[in-house]
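Chemist: In case you want the letters, here they are:
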Amino acid sequence: MASLVPCPNCGRRPKEEFTIKGAALKRPAAGADASEWFDYVYLRDNPHGAYEEYWHHTSGCRRWLVLTRDTVTHEVAACRDAADGSRLEERT
Amino acid sequence: MSEFRPILRPVLGTKQAVSSATLRLSPLPEGTIIHVLARPGEEDMVPFLGSVAQTAAHAVRPVSPGQWFIVGEEPMPHKEMKSLFAALEPRASGVDQSHGRVRIRIEGKMASRALSKGTALDLDPSAFPVGQSSVTLIGHIAAHITRVGSEAFEIIVLRGFAESLWDDLARMSLEFS
Amino acid sequence: MSSYRLSKGGLVDRMAPLSFTFDGRSLQGFAGDTLASALLANGQMLVGRSFKYHRPRGILTAGAAEPNALVTVGRGGRTEPNTRATMQELYAGLEAQSQNRWPSLDFDVGALNGLLSPFLGAGFYYKTFMWPAPLWEKFYEPFIRKAAGLGKASYEADPDSYEKSWAHCDLLVIGAGPTGLAAALTAGRAGARVILVDEGSLPGGSLLFETATIDGEAAADFARDTSAELQSMPNVRMMMRTTAFGWYDGNVFGAVERVQKHVRDPAPHLPVERLWRIVARHALLATGAEERPLVFGGNDRPGVMMASAMRTYLNRYGVAPGQSTAIFTTNDSGYALARDLEAAGVDVVAIIDSRPSAGVGYRGKARVINEAAVCATRGRKAISAIEVRRDSRTEPIVVDALAMAGGFSPIIHLACHRGAKPVWSAEKAAFVAPAGLKGLEVAGGAAATTNLAACLGEGAVRAQAIIKELGLSCPPVALPKVEGDEDTHSARPLWSIPGVKGKAFVDFQNDVHLKDIGLAVREGYSHVELAKRYTTNGMATDQGKLSNVNAIGLIAKARGVSPGEVGTTTFRPFYTPVSFGALTGAHTGHHFQPVRKSPLHDWAKKHGAVFVETGLWYRSSWFPRSGEQNWRESVDREVLNIRKNAGICDVSMLGKIEISGSDAAEFLNRVYCNAFLKLPVGKARYGLMLREDGMIYDDGTTSRLAEDRFFMTTTTAYAAGVMNHLEFCAQALWPDLDVRLASITDQWAQMAIAGPKARQILQKIVDEDISDAAFPFLAAKEVSLFGGALHGCLFRISFSGELAYELAVPAGYGESVADALLEAGKDDGIMPYGVEALSVLRIEKGHVTHNEINGTVVPADLGFGKMVSATKPDFIGKAMLQREGLAAPDRPQLVGVVPLDPKQSFRSGSHILAKGVAATLENDEGYVTSSAYSPHIGSTIGLALVKSGPSRHGEEVVVWNGLRGESTPARLCNPVFFDPQNERLHV
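Residue numbers (our numbering), protein chains in the order written: chain A, 1 to 92; chain B, 93 to 269; chain C, 270 to 1256.
Chain A with its partners taken away, still in its complex shape:
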């Protein structure tokens, strides 16, 4: 029925305005080895709890956002512009 996403540029907006890409992972360096690329393209953690995802405010400011969402409660703990601030963690 409804769910609001706190866009850092536009305020809280319904999820229908957004497109979800999935896990927010750091793109490997061009020369990274094949297994690193394989992880980036195919492997996902599917955690129970906090998860960082790329969301695009497609029908709003058209900015890509990094959203920290709890996969159990849907609670959004943080949302920032993908171009801003802290870099994505390297996968370990």
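Please keep in mind that the hints were generated in silico from the structure rather than gathered at the bench.
Note that the structure is a prediction, hence the values are computed from the model and not measured.
Watch out, some of these pointers could steer you wrong.
[Said to hold, decoys possible] Here are the simulated DSS-like cross-link-like pairs (lysine-lysine), alpha carbons at most 27 Å apart as the crow flies:
| hint | chain 1 | residue 1 | chain 2 | residue 2 |
| --- | --- | --- | --- | --- |
| 1 | C | Lys1172 | A | Lys26 |
| 2 | C | Lys1172 | C | Lys1184 |
| 3 | C | Lys407 | C | Lys421 |
| 4 | C | Lys421 | A | Lys26 |
| 5 | C | Lys1135 | C | Lys952 |
| 6 | A | Lys21 | C | Lys1147 |
| 7 | B | Lys171 | C | Lys952 |
| 8 | C | Lys952 | A | Lys15 |
| 9 | C | Lys737 | B | Lys174 |
| 10 | C | Lys947 | C | Lys1050 |
| 11 | C | Lys1216 | B | Lys171 |
| 12 | C | Lys1135 | C | Lys913 |
| 13 | B | Lys107 | C | Lys875 |
| 14 | C | Lys1050 | C | Lys1095 |
| 15 | B | Lys107 | C | Lys407 |
| 16 | B | Lys174 | C | Lys1050 |
| 17 | B | Lys174 | C | Lys407 |
| 18 | C | Lys690 | A | Lys15 |
| 19 | C | Lys875 | C | Lys1095 |
| 20 | C | Lys952 | C | Lys1172 |
| 21 | B | Lys174 | C | Lys947 |
| 22 | C | Lys875 | C | Lys952 |
| 23 | C | Lys1050 | B | Lys171 |
Got chain A; can you put chains B and C on it based on the hints?
Modeler: Here is chains B and C on its own, set in the frame of chain A:
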């Protein structure tokens, strides 16, 4: 065919304004819309854009971080636009969207109630004061909304969706017309 | 005797009589009645038959929880089955039909099910219909389908409209009873943005049947005055006839407003229902409490009613339940009813109180029987007597109505919609909402507060606290003085009653009775979720509003644990049923989805185009001319004319993106697999975009209009996706690049002008020299038209393989320019053509589209292997494209196909088989991705992705279509069928 003069065909040219005591929906003239995209890191763009766009006939509307629309009622001649684009450089680039976007005005006591049938934006003046702009979904169509008066809004929509959005807005206004 | 209207009293307007029909019988009620109160006023106590046993049923409640009195209202497309008579406001001309009976309500054949009841107990379909298996389809399923369900939906289209709306507030108050009114008033006076919703037609909730006074004023008058004050506040919105049905993420509440469900002829400019999404900074749940039934034999007989409902009919509607009533109570609320009945002149024969002594000083005439219980009722279609059991002795008492007061369960559904579990309070003998919910508080009856003064106080105080928490100031709250209220605190629940005779119903709507619960526990289904599924207790339209807590109590007793240990089933939206109409809103018919119109749409229409839907676009397919018998004739003519003269086609739907900024070229170099860094200004280049997994994502041409300004085109289907993807690359992957992206798809009307005469036609309107020398193949630049009257962009690119251009002009001038081109090319035989001809032309040239770019192909599969840059340090897809398997020689790759016999044809999607092999998955060699009739080749031609395709040119194969039973001998060939040397491009 240098004697031939191409004719502008406004996309909402055949639409009749919807008008009542509490609401008026009308297409705005297809004048000028310039999409301004700032170079990353540029700050204080609004006063700059104001000075570049110069006249009161053009208004500056925020679109998203680093992007604005400069809108005007009259079409801007090609040469003038080119020199405006040049004046924006290197701080920003200008893209002509005068035909790509269409403006619609909705005003009156019930305008915000009608719009709330489509958008999740909180249009209360305390949350969305005069001069504020936002891009949002109106029903299924993305549009740019600006509060241009205490009870008046300007909507900017992609040309291809303009007729559908008009039909939707007319339906949303039915209760108040 | 049966129920009847009192000569005075109630909030109905006796000056406004209304006629309505029930099962075709004409009856009278008053404005202010519900259908239920009007039926009772007419002595109509039997209103329906039960779901499983077809038992006669009457009106049990006066509100949303009604399980029995479900009727069908309206006719034709406005037929609404399963309408709760207790919630349906009466209007003149209302037509109601009883349900679940045949041939009539009084004589119902289905009632025979009652005799079969030993076979219809809990879990009966799991047991009874297990075997023999063949009987399922022919016997069991039709039987169950016929028996199941309540009312019948109409097959006619709904003539009414629906819509949706958003609303925003500081405080949403759900429920306009004493608690909600006090809260809304407090917050409203403090200046907060308040929305107050209530499902009833009048604000007041329990105040509408309350006999206590508030500040010396009748409770109903207090409700009226308070709501008048609220309505006068600009910051308060009162929404009556509005049910808040769900609590969602982000503190959004779903609500449905029944705008015109209380009128016979809905006004066409208004919806009949409106779905609200209310974004609340904070909410207060003031939904009150639901009275619980008592589980004794024959507790479902018409004339047995909830005590609070009986009080509502009496005080609010002026309707007496009968002449001589009895009240079966476990708490003090039964005495308030006794007092009101006696005041209205209705005999109260007995008050059967399960407790040792009454808690309040009752001074009425009724005989009070303590430590007793009703164990059975008598009567057929209405109650005629009760059997009262005390000290193992049973005494019959003649009555014509019986009230049951089993205590109150707070209505906490919404508080539990986001995962919170109710907790059992032994002190309150009720499930209450857990503490610490974010953004929502519960107050009043919904928080198990039972007396009126406390509810009024709690509403005001909670609102005050919320207002302060939201950072607003709140004036001090003055609490009103209440007189004449009884504390109706539930003493102790009475789950099971000794000596019960006959069927004692727990769930009225699903016909689940005491023995079913016992059976479920004995058979191992005592977990509350299992018991629900095994017995169906708590299912269907009322979702167990009356039955769940009793079922839990009974299970708890059977298991010897507390109700808290049994727990509740999960509360999910919707609180009460919501129509599909409301959920759909206005998005039906013409408004189902937006139409995206090309700026040349009306131009194409004017020239007779037949359109085809492509996503949200309407594209012109072909332009029939008089005398043409079928679409193929039109398409063949268009194709031949383009290769001979010239054609003009609308390609405005192609995605167009302007890319600027000092790093624009570097950016393009990273998003395309081929090189773009050194593309000269004034040139266009075909580009392939890959996905990160190495597969092709999209293709198109990108032109460099200035050093740091590019004009990109994408395919129509992927225009939006490519824009999102480029924004992702620019913002998330490489935010350090100076690259700016603007969608300009809608800015330009774009037309392809193709054919050997394209240049001479175009030169008539383009001011610049466009000779081959001045404007060679792949030239791209801004041009001036009509002697400087207009400016556009011209690209010398070709999808057809002919000398061709794409001209982009400002959209509003598109129609005028397209017409000018038709005029300019009149003598050269120019014709408009559509996407069908375009498709034939590109298949003849072996050009690919998303038919071939199907998500599983890499550039080499389509013959683009050499385009992929080997020198660029990085581009999207580079790393994964190196994978060994993507270079395997037997990958499906692009090849042409022609039938051996030109008179034969095949379709896209058909599979390629080696000659003489069986059509099996193992033998599958690939499939036809595109096919068309080529008037130049004189037969069907196709493109296909076939294993090792490029090395198999000349091989004879079979094109097999299993769906149509077609098998066509064919030959694999070069995918370029026409002008393989591209001589026509460079003229």
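Chemist: Evaluate each hint against the coordinates.
Modeler: Okay, the hints, checked on the actual structure:
A threshold of 27 Å between alpha carbons decides the hint, and for Lys1172 of chain C with Lys26 of chain A the separation of about 56 Å lies outside it, so the pair is violated. The hinted pair formed by Lys1172 of chain C and Lys1184 of chain C meets the criterion: a straight-line CA distance of about 19 Å does not exceed 27 Å. For the suggested pair Lys407 of chain C and Lys421 of chain C, the alpha carbons sit about 22 Å apart, so the restraint of at most 27 Å is met. As the CA atoms of Lys421 of chain C and Lys26 of chain A are separated by approximately 56 Å, the hinted pair breaks the 27 Å bound.
Proximity of Lys1135 of chain C to Lys952 of chain C is assessed by CA-CA distance (about 20 Å); at most 27 Å being required, the pair is judged to hold. A C-alpha spacing of about 20 Å is found between Lys21 of chain A and Lys1147 of chain C, which places the hinted pair at or below 27 Å, so the restraint holds. The suggested pairing of Lys171 of chain B with Lys952 of chain C holds, with an alpha-carbon distance near 24 Å, which does not exceed 27 Å. Pair hint Lys952 of chain C plus Lys15 of chain A does not hold up; C-alpha atoms about 41 Å apart against a cutoff of 27 Å.
Restraint check for Lys737 of chain C and Lys174 of chain B: the C-alpha separation of about 55 Å exceeds 27 Å, so the hint is violated. About 17 Å separates the Cα atoms of Lys947 of chain C and Lys1050 of chain C, which keeps this hinted pair within 27 Å; it holds. Proposed proximity of Lys1216 of chain C and Lys171 of chain B is contradicted: the alpha carbons are some 56 Å apart, above 27 Å. Using a Cα cut-off of 27 Å, the hinted pair Lys1135 of chain C and Lys913 of chain C is violated, with the two alpha carbons roughly 33 Å apart.
About 19 Å separates the Cα atoms of Lys107 of chain B and Lys875 of chain C, which keeps this hinted pair within 27 Å; it holds. Pair hint Lys1050 of chain C plus Lys1095 of chain C holds up; C-alpha atoms about 26 Å apart against a cutoff of 27 Å. A hinted pair counts as satisfied when its Cα atoms are at most 27 Å apart, and Lys107 of chain B with Lys407 of chain C does not qualify at roughly 58 Å. In summary, the hint linking Lys174 of chain B to Lys1050 of chain C is supported, as the alpha carbons are separated by about 15 Å, within the 27 Å threshold.
For the suggested pair Lys174 of chain B and Lys407 of chain C, the alpha carbons sit about 78 Å apart, so the restraint of at most 27 Å is broken. At roughly 26 Å between alpha-carbon atoms, Lys690 of chain C and Lys15 of chain A fall within 27 Å of each other, so this suggested pair holds. Pair hint Lys875 of chain C plus Lys1095 of chain C holds up; C-alpha atoms about 17 Å apart against a cutoff of 27 Å. For the given pair, Lys952 of chain C sits about 43 Å from Lys1172 of chain C by alpha-carbon distance, which is inconsistent with the 27 Å threshold.
A hinted pair counts as satisfied when its Cα atoms are at most 27 Å apart, and Lys174 of chain B with Lys947 of chain C qualifies at roughly 26 Å. Using a Cα cut-off of 27 Å, the hinted pair Lys875 of chain C and Lys952 of chain C is violated, with the two alpha carbons roughly 34 Å apart. At roughly 17 Å between alpha-carbon atoms, Lys1050 of chain C and Lys171 of chain B fall within 27 Å of each other, so this suggested pair holds.
Violated hints, listed in ascending order, are 1, 4, 8, 9, 11, 12, 15, 17, 20, 22; each of the other numbered hints is respected by the structure.
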